[in-house]
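My request is simple: use the sequences and hints to build the entire structure.
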Amino acid sequence: MHPHVFVLDKHHRPLQPCPPARARKLLAKGAARILARAEAPLRDTAAAQSVRWALWRALESRLPTRIASGGRTKYNRARNHLPKTHTLDALAVGTVDTVTDTVTRVLAAACTGRGTHARTRPDRHGFPRPAVPRKKAFFGYQTGDLVRAVAPAGENEGTCTGRVAVRARGYFNVTTARGTAQGVHHRRVRPLQRADGYGYTTRKEGAASSPA
1 MHPHVFVLDK
11 HHRPLQPCPP
21 ARARKLLAKG
31 AARILARAEA
41 PLRDTAAAQS
51 VRWALWRALE
61 SRLPTRIASG
71 GRTKYNRARN
81 HLPKTHTLDA
91 LAVGTVDTVT
101 DTVTRVLAAA
111 CTGRGTHART
121 RPDRHGFPRP
131 AVPRKKAFFG
141 YQTGDLVRAV
151 APAGENEGTC
161 TGRVAVRARG
171 YFNVTTARGT
181 AQGVHHRRVR
191 PLQRADGYGY
201 TTRKEGAASS
211 PA
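Going left to right, the sequence shown walks through residues 1 to 212 as this note's numbering numbers them.
Honestly, the hints are just simulated from the structure, not real lab data.
Accuracy of the hints is not assured; some may be wrong.
[Claimed, not checked] Simulated crosslink set (DMTMM-like; lysine to aspartate or glutamate; CA at most 20 Å straight-line):
| hint | residue 1 | residue 2 |
| --- | --- | --- |
| 1 | Lys136 | Asp196 |
| 2 | Lys84 | Glu205 |
| 3 | Lys204 | Asp89 |
| 4 | Lys74 | Glu205 |
Here it is in structure tokens:
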């Protein structure tokens, strides 16, 4: 592993790190001068590679694990006419003969938190509104719970499943993939999963563009 060097151009502006041979040519032409040696980034890269292999060995000792280079994964994906997504990349790792079927929808989890430490919220003019209640749960629910609700008559009439935002007065908002059903009474709501700091949604996943 050869060290790289930082060099400056004739206007004393730093150039990209380059190998010593290239730096010597620039120095011989008077087009650059040495600024500093840069071995640290290469040491960082080596450390990252070591951690990666150590992680694989730890997983391999407990679970059946497959690994492959990025080039091999791309080859498997292209040979089976798969689009580039995280899910299908995982499917194409290692020794893959033929992909005959793929998933159509995947579960996506996003961190939503468990609330806020702020004790006030600003109004539209930027002035603080009255203090936010310290109580997080109302009528047995708290913001972030996954619920099934029967929305009242109106734009969102019907049964919906989604993330609830609670209100002290007992009328909640339920956010789904289609929008937000507002003003749903807490008696029309049934819990499916308590808030755990994450929001869960499903989304479409790419499929093979042609039969493999």
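Tested hints:
Between lysine 136 and aspartate 196 the alpha-carbon distance is near 14 Å, which keeps this suggested pair within the 20 Å criterion. Between lysine 84 and glutamate 205, the direct Cα distance comes to roughly 10 Å. Compliance with the 20 Å bound is thereby established for this hinted pair. A hinted pair counts as satisfied when its Cα atoms are at most 20 Å apart, and lysine 204 with aspartate 89 qualifies at roughly 15 Å. Note on lysine 74 and glutamate 205: the hinted pairing holds, with a Cα-Cα distance of about 18 Å set against a maximum of 20 Å.
Checked against the numbered hints given earlier, the structure satisfies every one of them.
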